[in-house]
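Asker: The residues making up each chain are set out below.
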Amino acid sequence: MAAILVVDDELEVGEAIQRVLERAGFTVVVTNSADAALQALEGHQPDIVVTDVIMPKVHGLELIRIVRGQYPRVRVVAISGGGSFGPLAYKPDAISTHAYLAGAREAGADEVLTKPFDMGDLLATIRRLLPN
Amino acid sequence: MDRLINSLRVRLIGVVLVIHAALVPLLYLGVSVIIQEGYAELFVNSVRSFSKLTADELEASGEREFEQRAAALLDGAMLTGQVVFSEITDGQHKVHSSLAIDAAPVPRADDFDFGDHGDQVYYITHRIKRGDRSIMLRLGFDEGPTLERIVGAKRRVLLAVLTFTFVSIAVSIWLSAVIARPMVRLQEAAKRVAGGDVHAHLEMNSSIREVQDLTHHLESMREKLVGANDRLASEIREREVSERKRLDLERQLLHRERIATIGTLAGGVAHEFNNILTPILLYSQVALDDTPPDSAVAKDLTRIVAAAHRARSLVARILTFSRQMDVPQTSVFPLRPTVEEALALLRAIVPANIDIVFDPSEDDSMISGDASLIHQVIINLCTNGYQSMRRTGGTLAVRLGVAENPTVPQLDPGKYAMLEVGDSGHGMDPAVMAHIFEPFFTTRGVGEGTGLGLSVVHGIVTSMGGSITVESTIGSGSTFRVYLPAATRTLLEGEPASG
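First to last, the sequence lines map onto chains A and B. The numbers in the first sequence follow the working numbering, run straight up by one, and end at 132. The numbers in the second sequence follow the working numbering, run straight up by one, and end at 631.
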């Protein structure tokens, strides 16, 4: 079964995603920062990274770029609930979820999901990214 | 009284009177003295030569015939009427004596003073030598006729002097009037100018050069003052207009800032809620999946999922709102759906006694700008309209149309989308109508209206290159018309709402 790394500064959110994915049979590691995620990427060799976009310190978009550069085979799903947080540089034209997710796509995310998403949507997105 | 004394006319006349009072008596007295002395000299000369002649005649007569000769001479002299007394004495012996006047006393000595003593007689004594004797001839001449002539001459001089005085005073009165009249007229004109009629010309048909010059200078001064005044007034007007514009901008900016703050806040809240909703939705869906579908727990969980979905769409709407309220989103969009959206919102808040009637245009106009601002224009105009008929109820008529080259001030010719909002409320009088687009102008009580609604509408419409007009009739309602430049149909795809 595929291994999935979940990154979200809100632990509740990460654990909920973990619950859904583990129940579906995936191996899941949850971290609450981009730094921890980079270590986990070394240690756990995940197939898919599910990451929040708006996070303190290292931004989700930054993480996506690093993953794209260092682990080209790892698939990335960006998740965001929008809002007016984060540095203005990540607020291209408006404080909309769409803008963040568009930024995530630009940074190299394979799929994007708007928080809050349904269990079915999450699983369908993950399955699309896996071979066969 | 002081005013009268200080007036030019009275001064002029006063000076003339003073000059006359000082000089006329002197003149009269001088002429009188000359007359008196002249007549006296004539009289004295003539009587002296007459008495000398008589004395010489007597001296030359012989001894024998002396007495007859003397009597004849003296009687003759008496007959002229000029001599009223004659006497010849030889020592103590009175040779001859005649007296024409009864009561006149005869003085012992000679009287050489003319007109003196009140006896009106001038006495002269001559010594006539006859051998070794001295015979005295004494004659008295009547001064009366001469004195009468003097009085007559003096009277004529007085008359002439008085006539001259009167004529000269009359002329001075007339002259003073002639000099003062243009001054008075000039003064009246100046009074009119001072009273506010600054365009009253200072004209003067005087032939006096000084007055003409004065009038000319005053008139050019008035013209300069009027010019300066006009310039000042227009400068003040310009200042007021720019000040109003500045306030308007400031207020719009403030409004924008506030709305942006609300948007940011809403965005932050939405982000938090989305994070909270994610585990709620995921856990309840996992739980639902693990529960037999017909169980009561499954039903409960289904409700939780449904509620979470509703919460999600609410947050999505808040985010849409906060995005709208953010920096202006300029796009080309059709007017009609925007109006419909706003009206849908309004129907929820307008009381039941007010009908909203919407008459969309057949030609669906596109306009360029920020749709959220148009939203605000409609909401503000409709709110204003329904508040005017809140008590009575009525109809809020919203109509869309197209105007080609509308005859509205400050609009360039061209095609405009027209949005009309009419109410059947109480209407406005012209005094109120003149101020409705001014910030903080409100006819409502404290706490009922901010007085910003219509000024915001005006600011938005103007910033979009449009214009707003209003018509109103007391008792039958008001109609606002917003003209917005129509955009060419090049629709930029707006980003889809998140959710």
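One thing to keep in mind: the hints can contain errors.
What the hints assert, rightly or not - In the EDC-like style, the derived pairs of lysine to aspartate or glutamate whose C-alpha atoms are separated by at most 20 Å in a straight line are: (1) A:57 - A:35; (2) A:57 - A:118; (3) B:226 - B:191; (4) A:57 - B:404; (5) B:261 - B:251; (6) B:431 - A:35.
Honestly, the hints are just simulated from the structure, not real lab data.
Asker: Taking the numbered hints from earlier one at a time, note which ones the structure violates and give those numbers from smallest to largest.
Answerer: 2, 5, 6
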